[in-house]
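*Asks:* Listed below are the residues making up each chain.
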Amino acid sequence: MTNQRDDAMAHDAAAPVHIAVDRAHAAMPTTPAKIRARDVNVFYGEKQALFDVGLDVPANSVTALIGPSGCGKSTFLRSINRMNDTIPGARVTGRIELDGEDVNDRGIDPVVLRARVGMVFQKPNPFPKSIFENVAYGPRIHGLATSKSELEGVVESSLKRAGLWNEVADRLHQPGTGLSGGQQQRLVIARAIAVSPEVILMDEPCSALDPIATARIEELIDELRNQYCIVIVTHSMAQAARVSQKTAFFHLGKLVEAGPTGEIFTNPRDSRTQDYITGRFG
Amino acid sequence: MTDAAVPTSAQALRHTVEARLKKRHAQEMRFRLYGRLAIIVALSFLALLIGRIVHQGYSTFVDYRISVPVYLDPARIDAADPTGANYDMMVAEAVLDKLDEQDDEFGRKAGKVMSIMSNDLGFQLLDQVRADPSLIGKTVTVTGPLKSDAALYFKGDIQRATPQDLRKLDDQQLDWLDKLQASGAVSSGFNIGFLTRSDSTEPEQAGVLGAIVGSAMMLLVTALLAVPIGVLAATYLEEFAPKNRWTDLIEVNINNLAAVPSIVYGLLGLAVFINWLAVPRSSPLVGGLVLALMALPTVIIATRSALKAVPPSIREAALGVGASRTQTVFHHVLPLAMPGVMTGAILSLAHALGETAPLLMIGMVSFVPGVPEGLTGAATVLPVQVFIWENASERGFHERTAAAIMVLLVFMIVMNLAAILVRRRFERRW
Numbered sequence: 001m002t003n004q005r006d007d008a009m010a011h012d013a014a015a016p017v018h019i020a021v022d023r024a025h026a027a028m029p030t031t032p033a034k035i036r037a038r039d040v041n042v043f044y045g046e047k048q049a050l051f052d053v054g055l056d057v058p059a060n061s062v063t064a065l066i067g068p069s070g071c072g073k074s075t076f077l078r079s080i081n082r083m084n085d086t087i088p089g090a091r092v093t094g095r096i097e098l099d100g101e102d103v104n105d106r107g108i109d110p111v112v113l114r115a116r117v118g119m120v121f122q123k124p125n126p127f128p129k130s131i132f133e134n135v136a137y138g139p140r141i142h143g144l145a146t147s148k149s150e151l152e153g154v155v156e157s158s159l160k161r162a163g164l165w166n167e168v169a170d171r172l173h174q175p176g177t178g179l180s181g182g183q184q185q186r187l188v189i190a191r192a193i194a195v196s197p198e199v200i201l202m203d204e205p206c207s208a209l210d211p212i213a214t215a216r217i218e219e220l221i222d223e224l225r226n227q228y229c230i231v232i233v234t235h236s237m238a239q240a241a242r243v244s245q246k247t248a249f250f251h252l253g254k255l256v257e258a259g260p261t262g263e264i265f266t267n268p269r270d271s272r273t274q275d276y277i278t279g280r281f282g
Numbered sequence: 001m002t003d004a005a006v007p008t009s010a011q012a013l014r015h016t017v018e019a020r021l022k023k024r025h026a027q028e029m030r031f032r033l034y035g036r037l038a039i040i041v042a043l044s045f046l047a048l049l050i051g052r053i054v055h056q057g058y059s060t061f062v063d064y065r066i067s068v069p070v071y072l073d074p075a076r077i078d079a080a081d082p083t084g085a086n087y088d089m090m091v092a093e094a095v096l097d098k099l100d101e102q103d104d105e106f107g108r109k110a111g112k113v114m115s116i117m118s119n120d121l122g123f124q125l126l127d128q129v130r131a132d133p134s135l136i137g138k139t140v141t142v143t144g145p146l147k148s149d150a151a152l153y154f155k156g157d158i159q160r161a162t163p164q165d166l167r168k169l170d171d172q173q174l175d176w177l178d179k180l181q182a183s184g185a186v187s188s189g190f191n192i193g194f195l196t197r198s199d200s201t202e203p204e205q206a207g208v209l210g211a212i213v214g215s216a217m218m219l220l221v222t223a224l225l226a227v228p229i230g231v232l233a234a235t236y237l238e239e240f241a242p243k244n245r246w247t248d249l250i251e252v253n254i255n256n257l258a259a260v261p262s263i264v265y266g267l268l269g270l271a272v273f274i275n276w277l278a279v280p281r282s283s284p285l286v287g288g289l290v291l292a293l294m295a296l297p298t299v300i301i302a303t304r305s306a307l308k309a310v311p312p313s314i315r316e317a318a319l320g321v322g323a324s325r326t327q328t329v330f331h332h333v334l335p336l337a338m339p340g341v342m343t344g345a346i347l348s349l350a351h352a353l354g355e356t357a358p359l360l361m362i363g364m365v366s367f368v369p370g371v372p373e374g375l376t377g378a379a380t381v382l383p384v385q386v387f388i389w390e391n392a393s394e395r396g397f398h399e400r401t402a403a404a405i406m407v408l409l410v411f412m413i414v415m416n417l418a419a420i421l422v423r424r425r426f427e428r429r430w
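Protein sequence lines, in the order shown, are assigned to chains A and B. First residue of the first sequence: 1, per the numbering used here; consecutive thereafter. First residue of the second sequence: 1, per the numbering used here; consecutive thereafter.
Rather than coming from a laboratory, the hints here were simulated on the basis of the structure. Glycine is no exception: its CB is placed at the ideal position from the N, C-alpha and C atoms.
Listed next, the in silico DSSO-like pairs over lysine-lysine satisfying Cα-Cα at most 30 Å (straight line): (1) Lys308(B) - Lys47(A); (2) Lys123(A) - Lys243(B); (3) Lys47(A) - Lys243(B); (4) Lys129(A) - Lys308(B).
Short derived list, chain B residues pointing at chain A, Cβ under 7 Å: (5) Lys243; (6) Gly320; (7) Gly322; (8) Ser324; (9) Gln327.
Work out the full structure, taking the sequences as your base and the hints as a guide.
*Replies:* So, in structure tokens, the structure goes:
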């Protein structure tokens with residue numbers, strides 16, 4: 001083990017640290033990249049949280065970001081829809097392209113960006129309003145529904161796609177905060193779907209849920225993959241292996257390795273990746 | 001550490017823990033005891049304070065009235081100008097008739113009667129004659145309060161046992177009062193006049209209506225200014241303003257302003273609103289302006305802490321579905337902070353309701369014998385009314401001071417209850 005670590009260090013010292021290994025280009029050349037990140041650095045005040053990250057996220061698939069706590073995976077996720085803008089002192093450099101457009105471009109309004117790139121958070125955070133209002137809020141502020149019946153249609157189809165409709169159809173006007181944790185998280189997913197996003201970012205969506213609720217969310221993620229590009233941050237290697245097609249391993253703010261999930265988990269190139277997925281650290 | 005040493009050291013450890021445990025329990029008990037003592041002391045002071053006020057003031061709510069038939073002598077009332085007649089004398093003579101007393105040529109007895117009958121009776125006669133001149137020549141029964149000294153005799157505050165020259169009423173006057181009461185001419189009841197009249201130079205005719213209306217008008221001005229400005233300022237500072245040296249400076253200053261002695265706000269109001277902007281002095285408008293300045297920092301601080309208490313996950317949720325910052329704040333954060341905001345606002349208004357010092361500076365400490373005529377009319381407010389009556393020399397005002405404090409306390413309690421109800425009603429969980 002010690003030898004492996006030393007090897008890793010030696011490897012680090014030899015190669016320029018910022019060159020991350022993204023095997024996706026070679027492995028999945030047919031899938032177009034929905035999101036292309038290049039030389040992304042994120043600073044929180046003086047502290048640098050991400051170092052020269054470059055990653056391609058393919059469309060219509062699930063990409064898992066794994067790594068130990070504080071490795072920058074959530075930071076990377078939050079810079080895709082510019083949620084980092086809301087943190088005082090946060091600064092992002094480099095390019096993150098969504099369909100070839102830099103999301104940090106002056107011409108891009110974060111409000112529009114966040115409608116295209118929805119987000120699901122670690123803790124279920126429904127608004128303390130009715131289930132209906134939770135889902136209807138997004139379409140309403142973006143003017144996506146012109147009539148009440150159309151809005152009801154959007155709410156229904158979103159809840160159906162989030163697999164929650166059957167459970168809440170008869171109590172749409174009860175508070176969303178009264179649902180169970182897993183239902184709340186699916187409600188939040190429905191809320192994100194309701195504004196017809198292209199990408200859904202999920203920041204440890206199952207970490208506050210029990211195994212059964214987790215399984216339901218994972219099923220849901222698998223279903224949603226057909227329509228959306230999904231990026232999920234997870235602490236559970238098993239979850240990454242189950243739901244994702246591509247995995248990226250972050251360590252100490254750097255992207256260590258990225259590639260098809262099967263390859264990362266069976267044949268990692270970097271010794272740090274191997275140590276992490278085999279549970280030696282993290 | 002050898003293996004043999006482990007059990008002994010474990011035992012020793014347990015002993016130490018047990019010995020400490022006793023100490024810890026004793027400490028806990030002591031702390032609870034101190035806590036209870038502190039609460040008992042606080043409650044007994046409160047009980048003492050309120051008990052004293054109620055004891056001193058409750059008698060105000062009972063008043064003694066007299067009913068006398070008065071003959072409106074056409075020889076003494078000029079129908080063309082009824083104002084000129086001496087109605088007080090007619091009342092006094094009617095009372096003397098009732099007492100079967102003959103007045104001397106100097107009218108000494110009538111004078112003594114006048115000092116136990118309120119001149120309100122005379123004013124009532126005048127009003128009736130003015131309204132209906134045909135009453136002249138008839139006998140009219142008027143009912144009105146006794147002078148406060150006479151009422152104090154019935155309430156037991158003036159006693160026969162006191163030597164005659166040390167009390168306001170002499171033996172003859174006390175005899176008359178006893179006789180009038182025995183004859184059924186004097187009745188007592190709830191003093192509605194205290195709540196329906198305004199300030200007066202005569203204690204028995206003084207009431208708090210003018211002060212209540214003045215307080216209400218002033219609080220309205222304060223609320224309309226301080227709450228929206230304070231809430232918007234706090235929202236901007238908390239949710240939109242960049243966090244830098246300037247906003248830090250502003251925050252420090254707001255916190256300092258909340259601690260500035262209120263009389264300084266009075267001086268500011270005098271200099272700016274009255275001398276410079278020429279707002280009428282002694283008006284609810286200028287009082288409300290000054291108190292709004294005073295309440296503003298408190299409202300801002302309460303709003304900011306209510307906004308801080310809204311979990312950041314709600315902001316992220318709204319931003320995450322593409323709400324703008326303004327939408328996030330006005331659709332989600334502010335409504336969730338509303339119970340805290342309203343509680344803070346109501347409490348600072350309750351504080352403003354009881355404020356006296358700054359109002360003294362802007363001329364509200366004046367004798368206003370009526371309900372204010374509007375926001376720019378002369379007015380007084382409840383706490384200042386208390387101040388004015390406390391300084392009055394007549395003994396009848398003494399009990400009225402305490403009664404006015406009781407009225408003020410009732411309003412305070414109502415406002416604080418409202419704050420609690422608002423909190424309960426709108427509190428949401430997430």
